[in-house]
Every structure is written in C-alpha cells, then in structure tokens.
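Listed in order, the protein sequences are those of chains A and B.
Heads up, the first sequence is in my numbering, so the first residue is 1 and it goes up one at a time.
Heads up, the second sequence is in my numbering, so the first residue is 1001 and it goes up one at a time.
If you're looking for bench data, these hints aren't it; they were derived computationally from the structure.
A hint or two may mislead.
Unchecked claim - One side only, chain B facing chain A, incomplete, derived with CB under 10 Å: (1) 1031; (2) 1035; (3) 1068; (4) 1071; (5) 1618.
Stated by the list, open to error - With a cut-off of at most 27 Å between alpha-carbon atoms, the simulated BS3-like pairs for lysine-lysine come out as follows: (6) 32/A <-> 1014/B; (7) 1391/B <-> 1422/B; (8) 1022/B <-> 32/A.
Remember, it's a predicted structure, so these values are computed and weren't measured experimentally.
Beta carbons: idealized from backbone N, C-alpha and C, even for Gly.
What follows is the residue order along each chain.
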Amino acid sequence: MSSRETDRMSSAQQTLDILYEISQLLHTQLDKETLATCVSMIENGVNPEALAGVIQELRRENTRIPEQSNVNGQ
Amino acid sequence: MRPTGSVDPSVVEKQLLGHIQKARIKSQDSFADALHTAHLRYKTLASRETDLDAEILLTLSQPPDTTALHYAEEYIDLVRNPGKARTGLTWSDILSEEPFEGQHWEGAYGLPPGAIRGDDDSTSEDMDSLPSLSPWDDDPEDLEERLSAWDTSSDVDAHPPTPPTQDPMLGVTTDRVSRQIALYSHRDEVEGLQALHYWRSDWRENVRTDRAFDIGDPSTFGTCPWFAVYNKHIPEHDAVREILIGLQGRHNILITWLNGGDDQWKFVPDSQVPSLLHLTPLALQSMLLSFSRTATHVEHLRRFVSAMFKEASKSDNKPAQTLSFTVSRRNTRTFEAFAEATDKQIRAFDRWCADKEEEVCMARAGLGPPRVISLLDLEKSLREAFSEIFKVLLEMLQNVVRRATQSSDPGLGVWAFADLPKRMPPAAITALLLDSLLQKTQDYSSMGDPVTSDGLLKIFSDAAEPLWGMVQRWLKDGMPIRDVMTVGGTPGHAQLDEEFFIEDNELVLLDPDFWSDGFALKSSADDIGRAPSVPMFLQHAAPLILAAGKAIGLLHALGMPLLEQSPGAKWLRDWKSFGALLHSAQMERSVNGGLTSRMSSDDFSRLVYEELLGPCTFAKQTLSQVLVDECDLWTHLTAIEELYLMRRGDVMSNFLDVLFARMNTSQSWSDFHFLNTAFGDVVSHTTWLDPTLVRVSHRGSKDKTSSRTARAVEGLFIEYAVPFPLTYVWGPRAMQVYSTVFVFLLQIRRAKNVLERILMFYAMRGKLSWFVNVLLNFICTNVLHVQVLSLHDEMRKAMSLDDILRLHDEHLSKLETRCLLRSHTTQLHRAITSILDMALYFSDCFVAYAGSDATHDVSRQSITPPKAHRSRRLQRQKRNVIGFTQDRALSAVESSDSDTDTDDESVPNVFEADYSLAEPSISFAEENIVIRLDKMSRELDALVRFIRRGVEALAGGTRSGEAAAAFDVFAFALEDWDQ
C-alpha cells in the first residue's frame, strides 16, 4: 500500500468523522455506518436530495408499522 | 466532477450558514459555535477533497433537541480543549465577566458606545462571537488557522487558553462612573414619565401636607380627615378622562364591569377607586354611580348589537328552508334594523366621548380656549347631549325581549335574545317592538324631553324601514299568486315574509274563497290573548294595504298590470322611504323652522294612511273598472237576477209551465237531463242568456220528489257558471242563497199554478188564492224589485271589488230576511209552506173529487194529459195513511183556533203536524169533501192569522232591523184577510 493511498484513506476517514459530527449536530439521527453508506452512494452518483427523501420515507414507514400492528391487534 | 451536478457547493454552504444563523437567533450559541467549527473543519477538508456530502445531512437535519445541544457543547469543548478535562462554570468566572458585554447592550441605559466591550468590528452575518471566556479571538481566519493546526498536528496543548489581557483597575473605575451617570439620566426620564402615570398603583400626587387645612386652597385638602380616606388622589381632569374611557366600555381605573356576583353585568365603581382632592368619598361615589349606570346601559346595548350582528351574518348562510315554522330562531329584519339604528346611536355616543377626551387633552396641552373640566360638567353635558335615551332603549328592549321569549328570568341580558328561541310569531315581535318604540317616543315627547324623543324617533324610523319596504313590495307586486298547476309548493314562487302582517293562507287562485280568505291580516285571529301583528302606526292603513295588494295581484293574474293603465307614471315610482316620509311630515309641522317630533300615534297612523290612500284607491278602482269593463259584471248580474229571481217573467214562465206540467203527470220531473233540456229548449227561443252557463239539478231523494208537497222542489239547485274573477262575487254560498230564493218563488208559483186550475169550490180557492197572490206580490214587488234596484244603485257607486262583495252580501242577506228564510223566521216560513201545501192538497182533493179533466190548465200546451186519477200510485198512497197524525193536527188547529188571541204558545204546535210532513191521504167519499173543506178553511184561517201576527211582530220589532218597513207592507196587506 503506497503512502499516497494511506493519505487518501486517512483523509477520507477524517472527512467521514467531521461529517458524522455535523450529522450529530444537525440531529440527523444517522449512525456512522449509515452515514458511510450514504456517502459512498453519493460518491457513486446518487442524487443526495433523492437519497434524503428515501431515508425520510423509510423512517416514516418504520413508524407506521408498529401503529398498524396496534390497530390490527385491536 | 459530481455526477449529479445539481448541487452547488455554495448552496450547501449557504444552507449551513443559515442553520448557524438560525441557532444564533434562537440563542443556542453553543450549538451555533459547534456547527460553525465543524463547518470550518469540514471546509478545510473539502478544499482538499471537494466533497459535498453535507448536502444529505442538511436535508435530513431536524431542529436540534436538548441532546443535540448537549452534544454541541461537548463537541465545542472537545474541539477547544482536546484532551483536557471540561471545566465547569465557576463563580469566579461569572464575577469576572463584564456585565455590559455584547452588542445587545449597545445604546441601552444610555451607555456610551465605548462602554460596551466586545466585537464592534464583527459584521452582522458574522455573529459567531465566542463566549468571553474563550481564549480565541473571533477572527475567522485566525480560527481557521488554529483549526488547521489542530487538524494537522496533535500538539494542541501548545495553545493553552489565555485570559483576556487588559488593565484591570483603570478600566473598572471609568466604566463604573460613566455607567452611573448613564443610569441616573435614564432613571430621571423614566421617573418623569412615571410621574404622569396616575393609573399606577404606586402613584402619589404631590399633595401638600405641611400646611393647615384651608378651604380656599385645594392643595391643602389632603390634610383634612374627610378626604384622607383613600391614600391616593388623582386630578379631576384625569378622572374625567377615565370616565370617558369607561363610558366607551373600555378598561379604566374608576368603574369596572362585573361579570358575576350580585351586580352581575354592571359597571360599578372600582373597589380601589382613587379619590379626588376636593370631593368627599361619598360625593365621588354618587357621581361614579351615576356614570356607572349610563355606562351599564350603553354596554348592554353594545352587547345586544354585537350579538345581533353576529347572528345576522350567521343566518345569511343558512338556507331559508331549514327555518322552523313553529319556533323561529331567526331574528326579524325589524329587529336587525333596530340593532343597526341602536348601533348608530352608540357610535354617536362613542364619538361624543372621544371628542370630549380630545378637548381635555387639547386644553391640557394649552391648545384651544381654556376650559373648566369637571365630573359634574361632564355629567351635565352628557345629559344634554343624550338625555335618557340609552336607559329608555334598554328598558324597552328588556321588556320586548322578556315578552318575546316569555322568559321570567329578570337577570336575562338583552344580548341573549339573538340566540334564544322566540315564542311569538315574527310579525307579532315586529309589531311589539315598533309599538314599544313609538310609545316611548311619545311618552318622552310629551314629557318635554326632545333629545330622547328625537333619538328614539330616529331609531323608530330606521327600524320601521324593513316593514315599510315590505309594504312597498306588497303594493308593487300584489299578492303572490299560487297557480293551480304549481300547487304543492314550488319553492321558487314568491312568498310573503313571515314578518309581514299579512298572511298567506295558501289557497289557489281559482278557489272561490281566495279573495276573501286567501290573504288576511294576521291580527284578525280570533283569540284575544295573542299579541297584535299589525303595528299601531299601520293599524288604519292595514286593511287598505291588504285590499290594494289583493287588487293589484288580481290585476296581475288577469294580465293587466297597473302600469299599463296609467300611462306616463310608473306604478309607485315615487315611493318614499319611511324616513323621508317622516321628515316631510316634520317639515310640515315645523315651528319656526325647527323640526318637531311631537306626533301622536294617531298622527303617524294618519300620515301613513294619507300616503297610501291615493295609490291604494287607484288600484282598487282600477280593478273594479276592469271587472265592469272587461269581465261584464253587469251582464252577469242582470242575468243572475233574471234567472234566480224570475225577473225575466216570460221565459221563466215558459220554463215553469213545462216543469209544472211534468209535475202534474206522475212522471219524475227531477231528472237532470229533463230539467236541463227543458230549460235549454225554453231559452233557445230567446236571446236572453247562454243556456250552457246554467245547470239545473235536483239534489233531493227520489221519494221526496214524487210526493206532492211544496217541499218536493226544495232540492232544486241552479248553478250559473260565472267567468273567473266574478266567481269571488258569486261563489257557492251566494248561489245557494239564490237557489233558496228561487225555490221559494217556485213553491209560491206552483201553488198559484195549481189553484188556477181549479174551477170549483170557489170559496176555498178564493181564500187560498188570495193569500198566495198577496204573498207573491209582496215577494216580487216589495222584496225583490226594491232590493235589486237598490243594489244596482249602490253597485254603480262601488269603488272596489271589496265594496261590490260587501254590497252583494248585504243584498243577499236582505233577500233572505225578507223572504223569511232566516233561522229566526223558520216558523213563519213553515206556516207559509203549510199553506202552500194546503193548496196542493186542495188541488189533489179536487182532482180526486172531480177528475183531472175538470181542471183548467191555460198553459198546458204539448204535454200529455195526466192519467186517470185512480192510478196505482194513488191507491198505494191511499193505503199509506197514518190516521192519527191528521187527527191530532186538526185538533191542535181547533184548540189554537179557539184561543188565538190569548195563547201564542199553542200556535207552534200546529207545525208539528205540518201538512208538508203528512202524506196526502185523501178519502174520496163524497160526503166527506164538504167537511174536509170546512176543516181546511179553519186551518187556513189559523195559519194566516199566525203569519200575520208574526209579520206584524217583525214589522214592529227590532230584530228584523231595516227590514221592518218591508214587513210593514206585508202586514198591511194581510190585514185584509179579515174582510
């Protein structure tokens, strides 16, 4: 592994760290793993706004499932 | 290169900066700092990496909660003091902090610009000032530099936090001095302003207590024990202002509005009312009470008005169909107009108060002429300007509300009226309100209180306007016509307002009772307990309005609108509003150019009546003109008289001859077909009238017609089909009366007819003929002819359909009375019928005795001669004898005959065994005929005498009234009986 490669890696790690900090500050409720996934997806050309939309939609779905199970339980 | 390409790095940065700014605005400084720091660190990285993944974070970001804020604090602490334990805030830190630090202190407390320590050089967008304890300066470049140092190297400890460097002692002293100066100058201004705030609870007037009490110097009054009950005094002009504010219903320090307790919904003097120096507490209290009363009255009215307005705007959205008929929740238009007029008055009052207040302020500022401002002066000018109008209005309104809702709750607020269900019909509420207003106006005008009465009159005039408008619409369009085709209620057709005093009984136009009963005044309801629905000022004009509206409606229905008949002038074009009408009336009565409100309710009534009389009379006249010209009133009247009253002698005689001939045979004469054919045949030879209009029918049973009594023809009924509008004149009842008269005439002529055929027994025949002729003569000449002539005379003068109807009804009732068809002359009528029956019976006797060939019939033309008298029918009738009936009748007649002059009571017994009730039963033994004739003669004598006495009683009595003269003639004619 070349030193250049190592540099790049650590820089990426730092970037991810700061991004995670910002993410925490902005209260996005993303854990580090998810954030890393998101970043890599965006690196690969996914529209960040669309991705954000998808995440929000998934969260909404997630909250709805227990509600529905409650309703069905009754 | 970004594959998406849609995200600009600057956009992300801008958004992030926006977040930071938002955090600062929300005073989440640490959060903002943390964000800023993180951003800067990110930027340094991004400058190398050109990564823009913050976009997703921004999109996903949520408002920071407490955990996020905690995290932010920790984060910033971590960034600043990496590796060092976090130090808490200590008292020494706080005490060493500069009190006036930061931009927000700038300018406050009059601090000079230099007094504030802090970031004067920082720009507005760069609000990220760090806390004072921060070792770092706010310079972004500096920070960036440090951050990059922190990023790249691990020796952060090389930059330990250093306290701000400044000269401690010198700065503190200068700051303190300048601050104190600034504080005092500021306090002075505040104190100066507060000194004017007399409404503050800690306010003290500058009262001199160091001098002895002197009546001539108000400033020493504070030392007097009477005045010193309250420890707070305010100047009188301020008190006046407070009162003015209170009168407008606003919060003030002198009088307060109570929402509960014993004095619910009242203004009362405040419990902590400040005193006035020169007034004793009692004096002040009484003055405040007086103002409180006025304020209470106005406030009540104000609430009523706003409740009405609210309700009115609400009910606009409601469709009319949902309104209930029995209990109406909707407020009447008159009430709404009244609320509006009251509102106008209240606004005038508010304006007056505001003007007064302005005067006070101006005078205080030294503008305008000098003024004396006092509570007493205010009260006096208030009374001069408004007198007792609000009190009167409120009392009247309370009374009306209590009656309309039938509520017994004395504490009921008038504003609740808008929501309460009304227990009176809308028209009655309207009438009640208008009457009460007018009554109060007159009361106060007669008391010599022109201010109140003028104000009330204005309100009255405004409140009456909707009703006046309804009158106009009624007169303009006439009654709403309900067509036969649309009966069952199409919602589109015009309806009368429930509030209007004329009610629609929902009859169809072609109903004969439509004219008389289709529309009526609501007050004509017979139960007395109900409130009148016609307001007083319309009382006289109401029948006029009703009649005119009906006339116009009928004209519309006939397709002759009124405007076509008055060329040039459109119908009701110059209709005046009620206010204008009142004004013009006041102008007429004005004395020395000043308007007067001194008008009695009769004046109002007359005013309205005079205004309406012209158009109403015109409308009615037009209608009667149309009836005469277009509907051939006279033609039909004459035809009916000729038919029913047999004034067309020749044709009717022909018809009767045919009818009698038929009766003399044993054939049924009551057959519908025969009657109408006979009539048609007779009439077709003349040009008299259209026989298709007439229908003759018999409504009795078959048995009755076959019996040979005068009653047989009683079932005969003649109908004359008059064209449409005239059906109101000749309705079913009129036709019934005409038919009765016709039947009576027919009975007499029948008797006369049969008597004429007898050529033997001259004595008996002569007696009967005499009576029948006298009777016929009286009826034809003295009753029918006289009445018809007088009817024609009066009818020619009639101005309206109502007049015609009235005249005709009177005419009919006169005819009935004179023909003895009324209920109180039943006995006389039955006696006459008995005599007529006797004539028929006599005829039968004669036929039985001499045979039908012996009869002399001048009018028999083409009718087959009657069959032999010993027919089967007659034999059957012979067997059908109830012997004792006749015997008893005869004995009764004999007994009455013996004491005719003394015992009147016995006479009615005769009629129990009436001839008309008995079947003719004749035994034809020759030796009996003489005895029978003798008996008949005696009975006839008794009956004629009875009739004579009865008629004389009628002629002299008061019961028959104006008919006495006619009966006099009859009685005079009957006197000849004895001779």
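So, going through the hints one by one against the coordinates:
Because the beta carbon of residue 1031/B sits about 7 Å from the nearest beta carbon in chain A, less than 10 Å, this interface hint is met. Look at residue 1035/B: its Cβ gets to within about 5 Å of chain A, closer than 10 Å, so that hint holds up. Annotation: interface hint on residue 1068/B holds; nearest CB of chain A at approximately 4 Å, less than 10 Å. The beta carbon of residue 1071/B is positioned within 10 Å of a beta carbon in chain A (closest approach about 5 Å), and the interface hint is therefore held.
Against a cut-off of 10 Å between C-beta atoms, the interface hint on residue 1618/B is violated, since the closest Cβ of chain A lies about 78 Å away. Proximity of residue 32/A to residue 1014/B is assessed by CA-CA distance (about 25 Å); at most 27 Å being required, the pair is judged to hold. Restraint check for residue 1391/B and residue 1422/B: satisfied, since their Cα atoms lie roughly 24 Å apart, inside the 27 Å limit. Our distance criterion of 27 Å between C-alpha atoms is met by residue 1022/B and residue 32/A, whose separation comes to about 26 Å.
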